[in-house]
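Participant: Once you've looked at the hints, dock chain E against the given chain L.
Protein chains: 2
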Amino acid sequence: MQTARTTPSRLAKRAHYDEATIHPILDEALFCTVSFAVDGQPMAIPTAFARKGDRVYIHGSVGSHFIRTIEQGGPVCISVMLTDGLVLAKSAFHHSVNYRSVVIFATAEKVTDENERMEALALITDHLIPGRWDDLRPTTSSEMRKTTVLAFSLAEASAKVRTGGPNDDPEDEGLPTWAGVIPMQTVRLTPLAAENSLGTPLPDYLQNA
Amino acid sequence: MQTARTTPSRLAKRAHYDEATIHPILDEALFCTVSFAVDGQPMAIPTAFARKGDRVYIHGSVGSHFIRTIEQGGPVCISVMLTDGLVLAKSAFHHSVNYRSVVIFATAEKVTDENERMEALALITDHLIPGRWDDLRPTTSSEMRKTTVLAFSLAEASAKVRTGGPNDDPEDEGLPTWAGVIPMQTVRLTPLAAENSLGTPLPDYLQNA
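Top to bottom, those sequences are chains L and E.
Take the first sequence: its position 38, counted from the start at 1, is 881 in our numbering, and no numbers get skipped.
Take the second sequence: its position 167, counted from the start at 1, is 1010 in our numbering, and no numbers get skipped.
To be clear, the hints were calculated from the coordinates, so they are not data collected in a lab.
Quick caveat, the model's predicted, so the values are computed rather than measured.
Check before you lean on any hint, since a few could be wrong.
Given that identical chains are not distinguished, each listed pair holds provided it fits within a single copy or across any two copies.
As the list claims (entries may be wrong) - Result set (DSSO-like, lysine-lysine): computed pairs, CA atoms no more than 30 angstroms apart in a straight line:
(1) 989 <-> 856
(2) 953 <-> 856
(3) 953 <-> 989
(4) 856 <-> 895
(5) 895 <-> 953
(6) 895 <-> 989
So here's chain L without its partners, still in its complex pose (with noise of 0.2 angstroms):
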């Protein structure tokens, strides 16, 4: 939604508040950074989380000063960024990025319904690792009491999306500099098995993980 808070100063172009462009960005990032504020001090923790309908949902131990700071409701910024490529021009000024972001701003639900606790943890393990869950022993119920899992509306969630090459000055157009866009990927590599799994056949889920 377009808040005057979501609404950036410049380039203004790049933003975007629909859920067409917002949450394919948060399904693919696989972590997000959790701003929040302690007496005005700035605090940022990185955590993995997930989405379901129009919210997020991340977890944490009950003991963590962050969680336990957060979950009583006070004003937090949740980013994600996604490097798509870095854009280089025939200027140093219009060297660019190409990313797609998404900032949320939001304050925690405390999750406390069992079935959707459950479902939460359910999202955010095969958020990072699709298939993962149902291959896992139930969760139980001593290690749900150890766990927080908090919710967060996407009401004030906006996009920002750069695509494309790079935009020289017409000056500089005829430079000799080679410009384009050196594209970025994040890659999963061959799955190393833990000491008690030296047996254990790789199951298909991770095969093209």
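Facilitator: Structure of chain E alone, referenced to chain L:
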């Protein structure tokens, strides 16, 4: 430096305060997230940066709301995260992430010396694309006037690092579930020339970029 706000509430064994840990993480990460608060509302902006000695530099448009806010000298939190792998344990509870992160608590110092400003822009450019700066035409005074450069001390920086495989509970060790690490890496793909550079050979410094 270890201070109250750089000391984690949990897993303190993962915390580091030495340059030998902090500097290489900052040098490998291409982007940071700058978190700041306006009237208690946290905001976060991903941006490029570079380190020199015990300072990091960022830059931005003199007109950007973000830059104009933090150049006032209020407290900011700069965070970076490198994700090295997903850690799959035999229980959902012990799943984890291998990562190297740095958090910096600092306030912006506006850089006014023109040589230092220029050097900072060169450092930021070459941090993303080593060798690029010297291949570019000189930055103009008009471009410099449109650009703000801010520096931040690393005096209150801390790192967190997790490495290695999963730490399973003893009673889970014998489960037939596959456990291990899926390494992750950010890679650069073949550069794509812009239309104004189709006839320009790719420079050496981009051959293995």
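Participant: When no copy is specified for residue 953 and residue 856, does a C-alpha distance of 30 angstroms or less occur within a copy, between copies, both, or neither?
Facilitator: For residue 953 and residue 856, the Cα distance is within 30 angstroms only across copies (28 angstroms; inside one copy 35 angstroms).
Participant: Regarding residue 953 and residue 989, is the shortest C-alpha distance of 30 angstroms or less found within a copy, between copies, in both, or in neither?
Facilitator: within (14 angstroms within a copy, 44 angstroms between copies)
Participant: Pop the pair residue 856 and residue 895 into one bin, within, between, both or neither, using alpha-carbon distances up to 30 angstroms.
Facilitator: Within. Shortest intra-copy distance 27 angstroms satisfies the 30 angstroms Cα cut-off; inter-copy 34 angstroms does not.
Participant: Please sort residue 895 with residue 953 into within, between, both or neither, judging by C-alpha distance up to 30 angstroms.
Facilitator: within (16 angstroms within a copy, 42 angstroms between copies)
Participant: At most 30 angstroms between C-alpha atoms: does residue 895 with residue 989 qualify within a copy, between copies, both, or neither?
Facilitator: within (23 angstroms within a copy, 42 angstroms between copies)
Participant: State whether the alpha carbon distance between residue 989 and residue 856 is at most 30 angstroms within one copy, between copies, both, or neither.
Facilitator: The answer is between: 20 angstroms across copies meets 30 angstroms, while 44 angstroms in one copy does not.
In summary, the structure agrees with every hint in the numbered list given earlier.
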